Amino acid sequence: MSDHWTDRLSEYLDGDLLTGERTALEAHLLGCPACRATLAELRRVVARAQALDDTPPAADLWPAIARRIGGGAVPARPDDVGDLAAHRARRRISFTVPQLAAAGIALMLVSGSVVWKVLGRGANPVAVGPSAIAPPPDGAPAAWSGDAPYDQVIARLEQLLAQNRGALDTATVRVLEKNLQIIDRAIAEARAALAADPASAYLNHHLARTMRRKVDLLRQASAIAGAGTT
Amino acid sequence: MGPTGAGVTTLQRNPTSVAEAELADATLAASGDGRAFERLYRAHSARIHSLARRMVDADHADDLTQEIFVRAWEKLGTFRGEAAFGTWLHRLAVNVILGRRHTIGTDRQRFATDERAIDAAPNRVTVPDASDWGIDFEDAIGRLPERARQVFLLHDVSGYRHEEIAGLLGIVPGTSKSQLHHARLALRRYLDG
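Protein sequence lines, in the order shown, are assigned to chains A and B. The opening residue of the first sequence carries number 0 in numbering that gives the first Met the number 0; numbering runs sequentially from there. The opening residue of the second sequence carries number 0 in numbering that gives the first Met the number 0; numbering runs sequentially from there.
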């Protein structure tokens with residue numbers, strides 16, 4: 000395996016040789032068992048490299064990362080430690096019709112109380128600017144940083160849900176649609192209130208929280224629909 | 000080089016939907032949603048940690064992985080969705096690792112010079128030393144000289160093209176091809192089975 004073609008075998012394997020070179024090398028391979036054997040070994044190396052398994056870190060690094068990006072703002076849950084596959088499995092399905100209904104009712108109550116508070120007590124003068132996008136404390140939603148990011152996410156999730164909607168039973172669809180209507184109404188009310196008082200931190204947070212609820216609802220509904228398509 | 004795992008559980012079965020879901024999570028994370036970013040971390044931590052472990056070593060892999068995800072959080076605003084999130088993250092990870100290699104390079108240099116390093120030169124006698132027995136394929140990758148190891152991992156494991164690798168490492172594509180060939184030749188002896 001010391002002829003001058005040996006050093007071109009990887010390029011041949013990767014399809015990087017010019018047509019003339021490739022033809023010449025293939026002619027050489029016909030009469031050179033050593034180069035053929037080397038080429039076969041190189042193929043096995045490449046295949047072995049592509050089959051390498053990725054393994055997660057031995058310890059969960061998320062708590063440390065969460066501290067660094069938010070000063071501990073995104074605490075790890077107790078079940079975060081340990082096996083990643085198990086963690087994913089635990090996340091897979093966690094959505095029921097009663098939960099859907101509860102989400103809607105909660106939103107209705109929250110929405111009404113927020114509007115009452117704002118209208119009745121006056122606006123909170125604290126302004127919320129673009130800098131308010133850091134992870135919120137203790138799982139609370141971030142302050143409102145503009146419609147665009149949420150609108151994009153919601154549009155995509157609605158599209159995904161529409162694709163798999165047939166996998167949901169009619170009762171679930173009915174509850175889902177009802178709750179989406181409630182959420183949309185809450186969003187509209189929050190936006191209207193915010194338009195009248197754009198500096199209100201309370202309204203900013205409320206709108207962010209309401210949009211986040213819609214995203215969560217759509218995401219979980221999509222999860223159920225997606226699971227039903229398999 | 001596609002992403003592994005899924006940000007939104009729905010979509011694990013369909014690569015297009017996975018990309019869509021991760022784009023959604025990345026958008027949310029860019030708005031400050033820590034939960035969305037955690038989902039992205041869960042989906043990609045194994046791949047990123049493995050990359051760091053292979054490119055540098057196990058001792059620095061945890062630290063590098065943290066650094067990569069913190070950097071990703073800071074740079075999420077630059078992610079526009081033209082490529083899959085996993086692709087964007089992997090590129091960022093490679094840049095962080097290569098940037099850090101100067102500070103931890105003193106540890107790595109021993110692999111290029113000491114007797115435990117695999118000589119990637121093509122003319123080396125191919126009979127392994129007695130100390131080589133028992134080294135598996137992953138260990139053997141870790142014992143390649145630094146440049147050969149980086150090129151091999153980026154090309155054969157991660158799927159980068161020579162032109163991209165040349166840009167990342169500051170070399171010419173011909174050098175990347177040559178290093179890759181030498182690495183493959185050296186690794187033949189450590190194929191399993």
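Everything labelled a hint here was simulated from the structure, so no lab data went into it. A couple of the hints might just be wrong.
Now the in silico label distances, taken between C-beta atoms and shown as ranges [as the list claims (entries may be wrong)]:
no., chain 1, residue 1, chain 2, residue 2, range
1, B, Glu73, A, Asp52, 37 to 45 Å
2, A, Gln162, B, Glu81, 17 to 25 Å
3, B, Asp56, A, Pro62, 17 to 25 Å
4, B, Gly98, A, Ala195, 44 to 52 Å
5, B, Arg90, A, Leu28, 35 to 43 Å
6, A, Glu176, B, Asn94, 28 to 36 Å
7, A, Arg190, B, Gly166, 41 to 49 Å
8, A, Ala198, B, Arg34, 26 to 34 Å
9, B, Thr77, A, Ala46, 49 to 57 Å
Just so you know, these numbers come straight off a predicted model, no measurement behind them. Each residue gets a CB set at the ideal place from its N, CA and C atoms; glycine is no exception.
Against the structure, the hints:
1. Glu73/B to Asp52/A: 37 to 45 Å: violated (30 Å)
2. Gln162/A to Glu81/B: 17 to 25 Å: With Cβ atoms ~23 Å apart, the hint holds.
3. Asp56/B to Pro62/A: 17 to 25 Å: Given a distance of about 23 Å, which is inside 17 to 25 Å, the answer is holds.
4. Gly98/B to Ala195/A: 44 to 52 Å: Holds, since Gly98/B and Ala195/A (Cβ atoms, about 49 Å apart) stay within the stated range.
5. Arg90/B to Leu28/A: 35 to 43 Å: holds (36 Å)
6. Glu176/A to Asn94/B: 28 to 36 Å: violated (46 Å)
7. Arg190/A to Gly166/B: 41 to 49 Å: Check passed, 46 Å falls within 41 to 49 Å.
8. Ala198/A to Arg34/B: 26 to 34 Å: With Cβ atoms ~27 Å apart, the hint holds.
9. Thr77/B to Ala46/A: 49 to 57 Å: Between Thr77/B and Ala46/A, where Cβ atoms are some 35 Å apart, the hint is violated.
Figure legend: structure checked against the earlier numbered hints; hints not met, in rising order: 1, 6 and 9.
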